[in-house]
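There are 2 protein chains.
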Amino acid sequence: MASGMTHPKVGILGGGQLARMLALSGAPLGLRFLVMDNVTDACAGQFAPMVVGDYRDEAALTEFASKVDVATFDFENVPAESAHWLSDRVTVFPNPRALAIAQDRLAEKTLFVELGIPVPPFAAIDTREQLGAALDRIGTPCILKTRRLGYDGKGQASVAPGEDVAAAWERIGALPAILEGRIAFALELSALVVRGPAGELAFYDCPHNTHADGILRRSVVPSGLPEADLARARDIAGTIAAALDYVGVLAVEMFYLGTEAAPEDRLMVNEIAPRVHNSGHWTIEACAISQFENHMRAVAGWPLGSAERHSDAEMVNLIGKEALDWPRLAAEPGACLHLYGKRDARPGRKMGHVTRLFAKTADRV
Amino acid sequence: MASGMTHPKVGILGGGQLARMLALSGAPLGLRFLVMDNVTDACAGQFAPMVVGDYRDEAALTEFASKVDVATFDFENVPAESAHWLSDRVTVFPNPRALAIAQDRLAEKTLFVELGIPVPPFAAIDTREQLGAALDRIGTPCILKTRRLGYDGKGQASVAPGEDVAAAWERIGALPAILEGRIAFALELSALVVRGPAGELAFYDCPHNTHADGILRRSVVPSGLPEADLARARDIAGTIAAALDYVGVLAVEMFYLGTEAAPEDRLMVNEIAPRVHNSGHWTIEACAISQFENHMRAVAGWPLGSAERHSDAEMVNLIGKEALDWPRLAAEPGACLHLYGKRDARPGRKMGHVTRLFAKTADRV
Chain A
302 MASGMTHPKV GILGGGQLAR MLALSGAPLG LRFLVMDNVT DACAGQFAPM VVGDYRDEAA
362 LTEFASKVDV ATFDFENVPA ESAHWLSDRV TVFPNPRALA IAQDRLAEKT LFVELGIPVP
422 PFAAIDTREQ LGAALDRIGT PCILKTRRLG YDGKGQASVA PGEDVAAAWE RIGALPAILE
482 GRIAFALELS ALVVRGPAGE LAFYDCPHNT HADGILRRSV VPSGLPEADL ARARDIAGTI
542 AAALDYVGVL AVEMFYLGTE AAPEDRLMVN EIAPRVHNSG HWTIEACAIS QFENHMRAVA
602 GWPLGSAERH SDAEMVNLIG KEALDWPRLA AEPGACLHLY GKRDARPGRK MGHVTRLFAK
662 TADRV
Chain B
302 MASGMTHPKV GILGGGQLAR MLALSGAPLG LRFLVMDNVT DACAGQFAPM VVGDYRDEAA
362 LTEFASKVDV ATFDFENVPA ESAHWLSDRV TVFPNPRALA IAQDRLAEKT LFVELGIPVP
422 PFAAIDTREQ LGAALDRIGT PCILKTRRLG YDGKGQASVA PGEDVAAAWE RIGALPAILE
482 GRIAFALELS ALVVRGPAGE LAFYDCPHNT HADGILRRSV VPSGLPEADL ARARDIAGTI
542 AAALDYVGVL AVEMFYLGTE AAPEDRLMVN EIAPRVHNSG HWTIEACAIS QFENHMRAVA
602 GWPLGSAERH SDAEMVNLIG KEALDWPRLA AEPGACLHLY GKRDARPGRK MGHVTRLFAK
662 TADRV
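So the protein sequences, as listed, match chains A and B.
When we follow the numbering used here, the leftmost residue of the first sequence carries the number 302, and every step to the right adds one.
When we follow the numbering used here, the leftmost residue of the second sequence carries the number 302, and every step to the right adds one.
Think of the hints as simulated: they come from the structure by calculation, not from any bench.
Treat each hint with caution, since some may be false.
Okay, derived cross-link-like pairs now, PhoX-like style, lysine-lysine, Cα gap no bigger than 20 Å in a straight line [what the hints assert, rightly or not]:
(1) A:643 - A:622
(2) A:455 - A:651
(3) A:622 - A:651
(4) B:643 - A:310
(5) B:622 - B:651
(6) A:661 - B:661
(7) A:310 - A:368
(8) B:310 - A:643
Use the sequences and the hints to build the structure in full.
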């Protein structure tokens, strides 16, 4: 396997903090990068050359494709047709079909059902007329989510008992959506798998994630879940990655219903992210090979590195004006501070994160 | 202390692998960089903007100084007068006096003697006439080293019993030199200290270093030395850093004479490097805060991060054509591969390194 290894020039569509960390983590491998983004001051551009252009701009895409050997994503909402166009010219990892499925909550959930993976009850909503029957079937509390372009809690509206589901649908723009039952979960976790071109898999430990206002706030490893449930989480992620013929890091966000539930009912998949994931940022310091480096290894066709974790870890996001507190975090001796070099600390914007390491404890069983 | 923290633009004189790793390690702090080197393809330029020019070129230095807030070094042989010139315009860390002393083996050794730090016996050589008396005093085996511009074994000539010292002096260019007694040491180690502008200190664990042909091959932590001797090594490094009013990472290379020697005679200082050091590359993976990040913190006026080590580690350099073996190392699952992006694998050239982590063991006492 090692004999054919090369140093491909890696193109990254999207120039946010994920692209920035991909470039910084791939640099030690001797890899070089080209980032494409539609804004000139994308933060990845501070450490990698850029092509500036809209993801639908064929001239910009042509320039990008002419300069790279393999393309990958920092951003899952690159138009699927742009990904297809690119894949006729350069290798694209993950493949455009995987990207397209991850972009559409209905396609995603349909795949999970086909694979026998538990998901919360859901109903497709295309028209106002479908709302009543869907609500009767799913019940309240529930949540309307646009099928496309939702992230960090955007494109979502909750429906409490007695609330008007039509009004909720108007709030998300009356767009094609799914109505999803709200699960009484014990906690949220994510499975982080990396899959290489030959199908080999490596799994990072599943972090316990805490969200607020739909945005990830904190990820902790170990999660404290029973090993059998963690094995099931890894198995689910590996199954999805294989079904998509996926190459790179795939994040699978899950609900954990607690040990009161039967073992086979404890995990339900919420959604997937076809890229390195915020809940895996702790892998930079807590693992010899981070999710970012392993994504680069996979897309470059290199053997995967170990996903083993040498330390316990906590990762906390710095969102909006929280990042103004950075001097306090910089003064905390063991805290690993990450600032993404973004200027405008808008509400809800991910500006940085901090990771703290702790001596490794055995996972609780 | 934290209240006055800012994000200075950091200039780095010299664009080799140390500058490259400084930029990659400082990037997560939100810092930005400008590298100056006299060659256009300096490997740090792959991830930081560059000014290309000779270190004595006032126009290039003027451009460099106009664009940075603080300047530091990847290369200790920047002319002292250029460092002085710069220090009239921007903050320069470490200070030009520290740099000048580290550039001159005689000044360096004279300082160690003044500080009461043991060094191998030495004699200054400025003229051929001094060679005989110096050899009588130092004895053989001994080694002639040019006072200036020596690194990685360059500018050195060994003198075995019965060999012609005048011929050895001719081999090093008949330059101002020191004649140094060859010490029968048990092993070589280095102390890696980082000192902040207010005098605060943090110490990395002292690695056990192995050299071949004057070039570092391997560094290992823990070194296995008794803690009392390691404490003495740290104390020596802190004493030198304080005496130089040093800011940043300072490496102090030492000989360890073994436990048969009296405790106060076990360590002798060989030389200092006024910069991050090859023997500290393992800190990238084995510590939450690496030598590179801590150097950036010191020169930016930020509080130092913890220098604590969470794992045992071994670092092996890839020198010259050894780097062609990179696919085998990339296929070793837990190995952390670093390739510096250099094209020409000339003999003796540092092309990359690999770090392996191991579960932390207590240091042997």
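Evaluated hints:
1. A distance of roughly 12 Å separates the Cα atoms of residue 643 (chain A) and residue 622 (chain A); the hinted pair therefore holds under the 20 Å criterion.
2. About 14 Å separates the Cα atoms of residue 455 (chain A) and residue 651 (chain A), which keeps this hinted pair within 20 Å; it holds.
3. For the proposed pair residue 622 (chain A) and residue 651 (chain A), the alpha carbon gap of about 10 Å is at most 20 Å, so the pair holds.
4. At most 20 Å may separate the alpha-carbon atoms for a hinted pair to count; residue 643 (chain B) and residue 310 (chain A) meet this at roughly 15 Å.
5. As the CA atoms of residue 622 (chain B) and residue 651 (chain B) are separated by approximately 10 Å, the hinted pair is consistent with the 20 Å bound.
6. With a C-alpha separation of about 11 Å, the suggested pairing of residue 661 (chain A) with residue 661 (chain B) holds against the 20 Å cut-off.
7. Proximity of residue 310 (chain A) to residue 368 (chain A) is assessed by CA-CA distance (about 8 Å); at most 20 Å being required, the pair is judged to hold.
8. A C-alpha spacing of about 15 Å is found between residue 310 (chain B) and residue 643 (chain A), which places the hinted pair at or below 20 Å, so the restraint holds.
Against the hints set out earlier in the document, no violation occurs for any number.
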